[in-house]
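Asks: Each chain, written out:
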Amino acid sequence: MSAREEVLARLRAARDAGAPREAPAPVPRTYRRTGAHAPGSPAVLDLLTERVEDYRARVLRVATDGEVAAAVARCLAEAGSQRLVVPADLPAPWRAGFGGRSVLEDSALAPASVEQLDGVDTVVTASAVAVAETGTVVLAAGAPGQGRRALSLVPDHHVCVVRGEGVVASVPEGLARLDPGAPLTFVSGPSATSDIELDRVEGVHGPRRLDVVLVG
Amino acid sequence: MSTTDLGMPAVRDDSRDTGLPTHSPAGQGHLRGTTSFPRAARTELADTQLRRNLGKATGIIRAKRAGVVAELEDWEDLRLAGSAIKADVMARLPELLEQLEENVTARGGTVHWARDAEEANRIVTELVRATGADEVVKVKSMATQETGLNEALEAAGIAAWETDLAELIVQLGHDTPSHILVPAIHRNRSEIREIFLREMPDVDPALSDDPRALAMAARAHLRRKFLSARVAVSGANFAVADTGTLAVVESEGNGRMCLTLPRTLITLMGVEKLVPTWSDLEVFLQLLPRSSTGERMNPYTSTWTGVTPGDGPQEFHLVLLDNGRSAVLADPDGRAALHCIRCSACLNVCPVYERVGGHAYGSVYPGPIGAVLTPMLTGISGADDPNASLPYASSLCGACFDACPVRIDIPNLLVQQRAASVESHTRPTAQDLAMKAAAVAMTSAGRFRAAEKGLGLGRLLAGREGRITSLPWPASVVASHWTGARDVPAPPAETARQWWERTGGGA
Ligand code: SF4
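Protein sequence lines correspond, in order, to chains L and C.
Take the first sequence: its letter number 35 is residue 34 in numbering that gives the first Met the number 0, and every next letter is one higher.
Take the second sequence: its letter number 209 is residue 208 in numbering that gives the first Met the number 0, and every next letter is one higher.
It is possible that part of the hints are untrue.
[To be verified] Pair ranges (Cβ atoms, derived):
#, chain 1, residue 1, chain 2, residue 2, range
1, C, A212, L, G118, 19 to 27 Å
2, L, E164, C, R223, 38 to 46 Å
3, C, R211, L, G98, 30 to 38 Å
4, L, M0, C, T109, 48 to 56 Å
5, C, A25, L, E21, 29 to 37 Å
6, C, R223, L, A69, 31 to 39 Å
7, C, T33, L, A37, 35 to 43 Å
8, C, R197, L, R20, 31 to 39 Å
9, C, D73, L, A22, 19 to 27 Å
10, L, D15, C, A154, 50 to 58 Å
11, C, E150, L, P19, 54 to 62 Å
Hints are computed from structural coordinates only; laboratory data are not their basis.
We put the CB at the ideal spot given by N, CA and C, even for glycine.
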């Protein structure tokens, strides 16, 4: 027998031998599947801000898409960034704040090498969804402005633009909006570890600095 | 060949192909120590530094967990859903695995099946060899610890680099893990500093013991490895049957490095890690981070489905591991142990774990869940099997059930495993018989706590000395005198659980 057939045969026998006396009840979905605040509402944006800041990431609030460039410029200036990488399809208006900095364009067809990514200071991306209750921003690889996974991983500083309409209150609402067909990265604050005496310390292998520009 | 009668169709102890549920074969991987729990515990208890480190760390994590759990008004609903989803997975495990295989394959991944630890190690080793690489980067994985993959790779001339900070501390310290989530929980900052100074070739000799400085040293040490690695080996927290999606939950970004940068990714996963649908993750992505690190969400969760052209590894292998899980599944009550999502909350609230640490359990799965899961995976071969004593590594106080995000009734399972342990001896002692009677009473009376009060079980287990009932070994298993090594008096007027709640465990 192949390992596959043997393992499946064992599991079939075990499933029947160990079947509970009563048929399992249907899964009770009594937990909250929508949060207290409507997607994109002022309250949900406030909650996201509070929760992201709780991870010691920074949130810059702007009212309109037109103000994103100025907020990005501020993040870059404060981090002292000189070299940037962006997904090639990052919206053009957001780039107005890049100034004279060198900008590496990345796409699946013309990918930057790992060494090139290691040589940049900051990556600027969009995001797919944000979950306010947990302070989480989700990037969908290949979706507009979100780039390959390596982009938001190797540089030490990540500036992530979140549009208000993409902000939901709860985890179930967030997952419902996501397509698992593309690789997803859920980011809740900067890289951190709790491995030394179970105390959280920010900054290990992923970006040590996370700035969220929240529009709306 | 031997078989164990658990009141069900035979569960086998050898690896011949019979299509019957089979224990993890003896002598493979890291599911069995060399010493019985009481003997090992006595050694660990003598280590006051260890007790201090553990007491501090588990105290911090208990407080953090309580805070973020209290924040969710629907926490109990999430636990009920989590438990029911896992029960459903167990009822349909073979079908869901085939569905997972089909979806992973359709997206360009390759699925392999492993009967036991040695087979899993062989598959992974051959896959690495085929790439021509002589080293791999690894993201923390209980399954690869269980199979002893690192040693197998090393024997084949392949270096395995652990990249999780705690795993790195364990690896550099030539040590073994002592906690599911934080394998180096037994080490404090100054011990970690010493290990780094000794083992990292280009570390700054002025390195301080500030956790931030230690984390930066690890970053510098591993960065080159990440950027140049060609092959990564990972575990998985969840696999979604209906989409073929795998999920890894982590904090540091080392997981993302391993899952993203190398050309080849090999994931080893126990067959029980499934959830049926993508939306089921909405339950577990709430339960797991709050229960494990006590955070609303862990810093990074990565999900991927097969291979994505132009992004991340272009070769993906998924190895599905039995290694005793079929034997656990064959037990109608015991199969709930497979619901475990390895959050480690039960370790952090356990008064026994807090005192002896993870090494005393001998298995890679320590603490309350380890004390039941380990002997269920391996079977108990007799009174001298070190795993025979594991079900006694508990005070049955019930704190583990309350903490468990998927409501595994660990106290009840412990009692059943005690009965199984007793059955494995040829000549039962008086204590064995008392345990067996208690097990029967408790199983039929339903929830343990009710039984505990109704039967005055605490006093029954306390025995003549009037000591607390925590660790009532069958005399035939006990080689040492636990009560002589510890100093907790039996509280006459309250149960162990009430005592723990009132005092937080004393010490
Ligand atoms: S048994 Fe429950 S509490 Fe313990 S590690 Fe598993 S899921 Fe967590």
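Asks: Between L:E164 and C:R223, is the Cβ distance one that fits in 38 to 46 Å?
Replies: Given about 41 Å between the Cβ atoms, the range holds.
Asks: Holds or violated: the 50 to 58 Å window for the beta-carbon distance between L:D15 and C:A154?
Replies: violated, 38 Å
Asks: Just tell me: holds or violated, for the beta carbon distance of C:R223 and L:A69 against 31 to 39 Å?
Replies: holds, 37 Å
Asks: Given a hinted range of 48 to 56 Å, is it respected by the beta-carbon distance of L:M0 and C:T109?
Replies: violated, 20 Å
Asks: Does the Cβ distance between C:D73 and L:A22 fall inside 19 to 27 Å?
Replies: holds, 25 Å
Asks: Range first: 31 to 39 Å. Now tell me if the beta carbons of C:R197 and L:R20 are that far apart.
Replies: violated, 57 Å
Asks: Given the hint of 30 to 38 Å, check if C:R211 and L:G98 actually sit that far apart at their C-beta atoms.
Replies: The hint (30 to 38 Å, Cβ to Cβ) holds, given that C:R211 and L:G98 are roughly 31 Å apart.
Asks: Are C:A25 and L:E21 spaced within 29 to 37 Å by their CB atoms?
Replies: holds, 35 Å
Asks: Take a look at whether the Cβ-Cβ distance between C:E150 and L:P19 falls inside 54 to 62 Å.
Replies: With a Cβ separation near 38 Å, C:E150 and L:P19 fall outside 54 to 62 Å, so the hint is violated.
Asks: Does the hinted range 19 to 27 Å hold for C:A212 and L:G118 at CB?
Replies: The hint (19 to 27 Å, Cβ to Cβ) holds, given that C:A212 and L:G118 are roughly 25 Å apart.
Asks: Are C:T33 and L:A37 spaced within 35 to 43 Å by their CB atoms?
Replies: violated, 59 Å
Violated hints for the displayed structure, listed by number in ascending order: 4, 7, 8, 10 and 11.
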